[in-house]
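Student: These are the residues of each chain, in order.
There are 4 protein chains.
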Amino acid sequence: MSNTFGQLFRVTTFGESHGGGIGVVIDGCPPKIDISEVDIQRELDRRRPGQSKITTQRKEEDRCEILSGVFEGKTLGTPIAIVVRNKDVRSEDYSEIARKFRPSHADFTYEAKYGIRNWQGGGRASARETIGRVAAGAIAKKILLMFDPDFEIVAYVTQVHDIVAKIDRATVKMKDVEKNTVRCPDPSAAKQMVSLIQRVRDEGDSVGGVIGCVARGIAPGLGEPVFDKLEADLAKAMLSIPATKGFEIGSGFAATRMRGSKHNDPFEMRAGKIRTRTNNSGGVQGGISNGEDIYFRVAFKPPATIALQQKTVTNSKQESELAARGRHDPCVLPRAVPIVEAMAALVLCDHALRQRAIAIAER
Amino acid sequence: MSNTFGQLFRVTTFGESHGGGIGVVIDGCPPKIDISEVDIQRELDRRRPGQSKITTQRKEEDRCEILSGVFEGKTLGTPIAIVVRNKDVRSEDYSEIARKFRPSHADFTYEAKYGIRNWQGGGRASARETIGRVAAGAIAKKILLMFDPDFEIVAYVTQVHDIVAKIDRATVKMKDVEKNTVRCPDPSAAKQMVSLIQRVRDEGDSVGGVIGCVARGIAPGLGEPVFDKLEADLAKAMLSIPATKGFEIGSGFAATRMRGSKHNDPFEMRAGKIRTRTNNSGGVQGGISNGEDIYFRVAFKPPATIALQQKTVTNSKQESELAARGRHDPCVLPRAVPIVEAMAALVLCDHALRQRAIAIAER
Amino acid sequence: MSNTFGQLFRVTTFGESHGGGIGVVIDGCPPKIDISEVDIQRELDRRRPGQSKITTQRKEEDRCEILSGVFEGKTLGTPIAIVVRNKDVRSEDYSEIARKFRPSHADFTYEAKYGIRNWQGGGRASARETIGRVAAGAIAKKILLMFDPDFEIVAYVTQVHDIVAKIDRATVKMKDVEKNTVRCPDPSAAKQMVSLIQRVRDEGDSVGGVIGCVARGIAPGLGEPVFDKLEADLAKAMLSIPATKGFEIGSGFAATRMRGSKHNDPFEMRAGKIRTRTNNSGGVQGGISNGEDIYFRVAFKPPATIALQQKTVTNSKQESELAARGRHDPCVLPRAVPIVEAMAALVLCDHALRQRAIAIAER
Amino acid sequence: MSNTFGQLFRVTTFGESHGGGIGVVIDGCPPKIDISEVDIQRELDRRRPGQSKITTQRKEEDRCEILSGVFEGKTLGTPIAIVVRNKDVRSEDYSEIARKFRPSHADFTYEAKYGIRNWQGGGRASARETIGRVAAGAIAKKILLMFDPDFEIVAYVTQVHDIVAKIDRATVKMKDVEKNTVRCPDPSAAKQMVSLIQRVRDEGDSVGGVIGCVARGIAPGLGEPVFDKLEADLAKAMLSIPATKGFEIGSGFAATRMRGSKHNDPFEMRAGKIRTRTNNSGGVQGGISNGEDIYFRVAFKPPATIALQQKTVTNSKQESELAARGRHDPCVLPRAVPIVEAMAALVLCDHALRQRAIAIAER
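Top to bottom, those sequences are chains H, S, X and G. The numbers in this note's numbering rise by one with no breaks, and the one at position 258 of the first sequence is 258. The numbers in this note's numbering rise by one with no breaks, and the one at position 125 of the second sequence is 125. The numbers in this note's numbering rise by one with no breaks, and the one at position 41 of the third sequence is 41. The numbers in this note's numbering rise by one with no breaks, and the one at position 316 of the fourth sequence is 316.
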């Protein structure tokens, strides 16, 4: 199911960077959810190119159109198809890469897999594919909010290259994240990040970093005990985002240097509820949510497309050199924040629906 | 599909730690693969408890029986069912945890999800569940070897708590890994790891660490470009293993501090083939294998079950204390090595079959 | 998913006729359902060979063992594995068919598909495979009964060869069906059917017929509007039973000779509920249940295995002759009745769980 | 997976009758297949309304647009999205049915399932949904033809109400079918059918009938032995088409009155190949194709929407009457012919790809 994600809330994306358009079909959405193009556009605008000086200057309005599944402002329970047309297409920028494989990009592997590729703008490997994910995530968030009014999900840039922000995971809010173009809620670090990204771009280079994410208001009991552990599905969701190289939940890699007596989260009673005193588990135990905040971190590499000259080979096996000319992000993290949120929302919404199907006891 | 893994090579595990038995059904296995109980038992013996002084002392022979799908030493193309009976069961060890939730274990979350649980030995959350994965992995390895005689997969312990081994990822072999009980191919580090684990166990505590894994002999073209990226499916596979907290492929989290010009893997011609000079990508670009070694690292937390006294609450919401009495691993890494290999083999085998289905051009 | 059936209530069967055993893994079963081996055995006994003079004389007790997923008499929400060992195995009966393809059996097609087959007793194509379905169906029935106390499902033999029974579909009960060995609730027709089957068996031949089935107490709203229409999933379920050749729901093929004005089921109010006056729809409209009785008919061909001499070819492409010697059913219908019920229950239970996942409005 | 069909060749349709448009996403299509909008339009034109005097007079050009997955005339291996805009929409025709449930239509069951429905033109239950199926079927046919140059699939109207055509299943060709507007290759019967349909329409009524279908050039070995039997997947495919009530393969319901000795298809050698003398099996044995022609029949009911006055109830539970005013087909069979072909092609293409994944022996 290479282009479909989810078991009950199923999201299928389609579209190449430089074809007729990009889109998504969402199947399995419950009926009678209030949804409009405005709700979706709000999230798409956080992802779209050209939104600030530190992102690619490609001009795409990314206006979404809902083709089906919504009637008089409410979901019908039928598939929701959403399409965004490609507009600012400059295929001439890509003529050279029709022949030369861009280092660390997907050109060579697509050719190896399919024996053919749309070399205009990266085709399906373009980050434009994530438009469909963000659109679907907007709907997933609405559903999760309906299940629990305390639900919220906040992703933020916590590190760019060697600049590490100070962020209180327990209290960070989306409005703090949206205060600056780099989407880092630590204003001082944010300022440094913006300068670094601009400098790196001017040098024709790129940088990576880390996005943190926290989901609050998730009831205990979501997730499956074996293969579809909540953290396993989150890990897959995050590693399916272009340019990601790592994922850790709760204590993550730091847990490897802790002792069990220190790492374990003792249970205690708080306000009449069973809670944990610490949260090294990251809100998930044995693959299932325990009602605490779910938090995780995602590593992004520096973008592969850079203006500097690089060694490569051509599709006729000649060694060559290549310097990218298109319009590209020197750092994907600011625009990746809504994508991380969207993918997390898809996982959580899917598991929430799955849990409802078997929740006999509650009825 | 909570207990099934894979799209074409589909593995369904079943069984509780203290019920009739543990097992697996493998559906979608190609016909005419040579397989016997000996092949499977060899891998199970690397995973079984009581194999050395640094693992749990529970005595389980874990003898597997193939119930179906194999005829005269060859697979039939029909489902392969494999069962391992539970033998050394001491339910009395678990009487206290029928009432008290073990901190950072799955007791509370199972109760929240299902409203019922088999409290004997952790039930389905027990690491015994992984028997089925290791058995299936043994078959997956055979298939991958048939597709490419150079195929091999080597997992190894590369860190226990603060002891970090020196291992040459490019050359490490399984026989080096199997030379000591901790499964670390650096003999000096291995020695320190063994002492540390023994000391920690004597103190009633536990430790975590990192397992590295490398797969060689994987053809370019495996993996899917969007949601089922090879690294996404590997991430899910690894985070579905009990006690894991993180995953990174190739350069991983270190990539976040590199520049693109340094991180990119330049293409070059080598022995008539398109190869990359470096391998920060970890053998995967755009979700698809590029023919280089695939390598990744998995973070394991210290096991939750420890002999030290811990704070907790009961299922009637009373605060209480608990000290584990069962037989448990002070460090899961030595026994997790074959599990990591098995899960990686399941992902690679599944994608290899998927690629065959669409590989029109080759015919 | 060749050996798995269902989306949420997922049933995976395994096992050859003459291997270690036959079984099933049921994944996605809700927790806290009362279930025991007695419940399952009751249904298996209706399916097992040797139960009467008109079935095969193979002696199989078909004792089931629940290996996992049930604890203290209740389901855990984890996979339920059930195994039945093969006992009365006489492989010598099958030596000839190792070489000669039985006409209209699966020998040739298995060889074409897999290049290998377990020729002992039909391997996976044996009707013994349906043991797993019947076991799973017993659990599905329990769940459906929990959702609606009026739920019941009754299958019955309505035609054997040219003997057509008179049965009132609206009132027929399982106890009427179980009154005779042919499972036809019309006593007079049943008597004729038994004599016919015995005569045909004595002549070394076989006969087919029709099984009818009605499900009552199904709430409106089950089924999906497009591909997974309730009737589509029922059709697949029935055509997946060995020896079936046709399926019709409601008015079925007779509808092709009716006019719309006559065929349409007018709505009316009855006891405060929206009901239909007639039920040509068979309880399903637009793929979704409407609350009326769901009924359908399934065509079974005469069994392929007969004692009469038949023309065939060998696996070395020599023309030859073959007369079956094993123990076989001259008419599969009496033993197929519980299989039809089980498959219908699997479809209905799966759709009932699916509907719960999206039934937002009810909460 | 209510709106997705297929395991490897996966077809997801979307769209309501009276929304922005109707469409399909095809995922899992092999790369480098020649395809263009012309290929797809040719099939859509056979399905579109207003094509002759005996179909609905709704004017829809049904022009398809390929949004993605095709580049320079060839498939990319990525999802193919195809959209058809809704044009001739007259919502006023449907104002009455916003309140009154049309008998034997899906209005009531959608309301029961979702608590909401797009009452304009039947919404998702409209036969317009099948546009996506026909578009996908056009691609599936191309792939099957690439696998075997002898492949062809021919569906035809074989019965309308009580008019039964004489058709030689072994030799019928698509060009014979397309010779008249009713798509019946028996010219004399066709003439009677056209008059009957016109008469019935003038009377404000509707009629049903039977479509036959034969697929030639299918290699032995396609299909799965248990749940995904070829005939089971065909049955599901056919019963998922609106207005269908029955399915039979090969001898079908007639088999129920035959003896095994007569029904069995003896094997014989023909032109060096293992063939069957008769073909009561319909080209499938044990769920797997045997290389003979695959043929089956599908029963269609008379359309529910008729101009005659009918009894019904409103959504506020008042008894009422209703006479349809929209533009509707008095007999769906002529336009259903390409839909039957498309669904059969989807099943066969999916199984052909599945077989390639496991076909180890061939390599």
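Everything labelled a hint here was simulated from the structure, so no lab data went into it. Note that beta-carbon positions come from the ideal geometry of N, C-alpha and C, so glycine has one too. There may be inaccurate statements among the hints.
[Stated by the list, open to error] Not everything, but these chain H residues come out facing chain X in the computed CB check (under 7 Å): (1) PRO30; (2) LYS142; (3) LEU144; (4) LEU145; (5) MET269; (6) ALA357.
[Unchecked claim] Examples of chain G residues toward chain X, derived with CB under 7 Å: (7) SER2; (8) GLN51; (9) PHE147; (10) ASP148; (11) PHE151; (12) GLY208; (13) GLU248; (14) ILE249.
Student: Restraint: H:PRO30 near chain X, CB-CB cut 7 Å. Satisfied or not?
Tutor: holds (4 Å)
Student: Against chain X, with CB atoms and a cut of 7 Å, does the hint on G:GLY208 hold up?
Tutor: holds (5 Å)
Student: Against chain X, with CB atoms and a cut of 7 Å, does the hint on G:SER2 hold up?
Tutor: Since chain X brings a Cβ to about 3 Å from G:SER2, closer than 7 Å, the hint holds.
Student: Going by Cβ atoms only, is H:MET269 closer than 7 Å to chain X?
Tutor: Given a least distance of 25 Å, the restraint on H:MET269 is violated.
Student: Does the CB of G:PHE151 sit less than 7 Å away from some CB of chain X?
Tutor: With a closest approach of 17 Å, the G:PHE151 hint is violated.
Student: Hey, does the H:LEU145 contact hint survive, CB to chain X under 7 Å?
Tutor: Violated: closest Cβ of chain X sits about 13 Å from H:LEU145, beyond 7 Å.
Student: Given a cut of 7 Å on the nearest C-beta pair, is the interface hint for H:LEU144 held or broken against chain X?
Tutor: violated (12 Å)
Student: Verify the interface restraint on H:LYS142: the C-beta must sit less than 7 Å from at least one C-beta of chain X.
Tutor: violated (11 Å)
Student: Would the stated hint for G:GLU248 survive a check requiring a Cβ distance to chain X of less than 7 Å?
Tutor: holds (3 Å)
Student: Identify whether the interface hint at H:ALA357 stands, where standing means a beta carbon of chain X within less than 7 Å of its own.
Tutor: holds (4 Å)
Student: For the restraint on G:PHE147, tell me whether the closest CB of chain X is nearer than 7 Å.
Tutor: Since chain X brings no Cβ nearer than about 15 Å to G:PHE147, farther than 7 Å, the hint is violated.
Student: Let's test the interface hint: is any C-beta of chain X closer than 7 Å to that of G:ILE249?
Tutor: Result: holds, 6 Å to nearest chain X Cβ.
Hints 2, 3, 4, 5, 8, 9, 10 and 11, counting from the list given before, are not met by this structure.
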